[in-house]
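Produce the complete structure using the sequences and hints provided.
Each chain, letter by letter, is given below.
2 protein chains.
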Amino acid sequence: MTEEEFLAAYDASAYPRPSVAVDAVLFTIRDDALQVLLTRRQAHPFAGLLSLPGAFVGPEETLDGAAQRALREKAGLQDIFLEQLYTWGDPGRDPRLRVISVSYYALVPEDRIGPLPEGTALYPAHALPTPLAFDHAGIIRLGLERLRGKVSYTDIAFSLVPEEFTLPQLQRVHELLLGQPLYKANFRKKIAGRIEETGKFTSGGKHRPSRIYRKRALPAEPLL
Amino acid sequence: MTEEEFLAAYDASAYPRPSVAVDAVLFTIRDDALQVLLTRRQAHPFAGLLSLPGAFVGPEETLDGAAQRALREKAGLQDIFLEQLYTWGDPGRDPRLRVISVSYYALVPEDRIGPLPEGTALYPAHALPTPLAFDHAGIIRLGLERLRGKVSYTDIAFSLVPEEFTLPQLQRVHELLLGQPLYKANFRKKIAGRIEETGKFTSGGKHRPSRIYRKRALPAEPLL
DNA sequence: ATAGTAAGTAGCAAATCAAAACTAACTGAC
DNA sequence: GTCAGTTAGTTTTGATTTGCTACTTACTAT
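Residue numbers (my numbering), protein chains in the order written: chain A, 1 to 224; chain B, 1 to 224.
Simulated from the structure, these hints should not be mistaken for laboratory data.
Mixed in with the good hints, there may be bad ones.
Treat identical chains as interchangeable: a pair holds within one or across any two.
What the hints assert, rightly or not - Below, a list of computed lysine-lysine pairs in the BS3-like style, where the Cα atoms sit at most 27 Å apart:
1) K190 - K150
2) K150 - K189
3) K200 - K215
4) K200 - K150
5) K150 - K206
6) K190 - K215
Written out as structure tokens, the structure reads:
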């Protein structure tokens, strides 16, 4: 069968084409823990269970665009770090109809999260309620693995911290993502080239104030 | 609008749902170069251009299953390393109709490739004909990046080499994937724990024969 | 025997990493 | 004021890994 013949048969066939949706795992740091945004489902199936914010992909919409829209509609967030994670397509993962879900993970500092809609809240990523709707537990687990894998060799940790931050703060983010403590001195050497001082200091603590930094715009090295 | 309402509207709407397809980037090492399997398209669109082997996802088929089937049908390959790469969904990437493509990359040692169907052949990954059909050039580029990124901290190189291999062979695979030469002594130290001797040696060369190894089944360490 | 060639090993300096110990700057209790 | 408590930030040291060179080994072809 040629591809064209297949397509013709495909168009004419009785079974419905799959729907394509996106689901987003939105991570943030709150209460010294990594947290995930979940919404409680009202409707069948899995009514009453928590699920990831998602959306069906519109006819003229890109996949990234649909993921952005899902987060805008469900959490009021715009212009945040968003990256594709994995695509889930097992028949039966949605009992209603075949749904292919392109999953994304998103990172946002806590201070950018506004008031959340009724039924939507943050839950600690390492102690999630169980069960979750659909295969969303698996999606979150993969997101956690991806984060852990990428934190050491990319800039993603900066996306979980306000524009201006202290090094203990940034180090703590790394530790939460990696799940293990880091040595202060080594951590500082490693990121020294990716930050710049603001000249400001924290105040109000019962101890030595810490310097406040921001992310360095462009590393000077890659110009070779 | 609730999700249920959306689904109802979605079902009733005039625009067709997207089709979901898979495309596979099959890599192998041949003639001391990394090569990709491509097939020449017969039909519109992009007739005459080279494209990745692909398939539409059947109604009861998993995504992985569809990718396996595509490689079985287009290259006669079974039971090979296959991993999801990225999902491409821009409207307009297929001029006929909206197609969401879940891309995979696959790795196979040359000795497992049999005779290929008419119109299907291997092309050097770093000197591909241009242009390619659809967005397949971008898919291959991403596959190359993924390979390069993963070769140093995973076992993927073993999937590009026969079951029994020499260390110069395995080192060369690493070098081709990384695009840079490696130091023999360091390379050997690094993989020492992941291989085991077969006791056999190559023969017939004009020089010292090299030991033949196989991949070590289970590393002993992860038992803690 | 000797030359050619690629396989495989030894060793060292430089860079990086893990780890502990140290100093600095604030608050609050005395 | 001074001292304890606390966290920020720096210095230092030893272990491990990397970059690199030089060497030895084992085969074939003259």
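**Prompt:** Tell me, which hint numbers fail for this structure?
**Reply:** Numbers 4, 5, in rising order.
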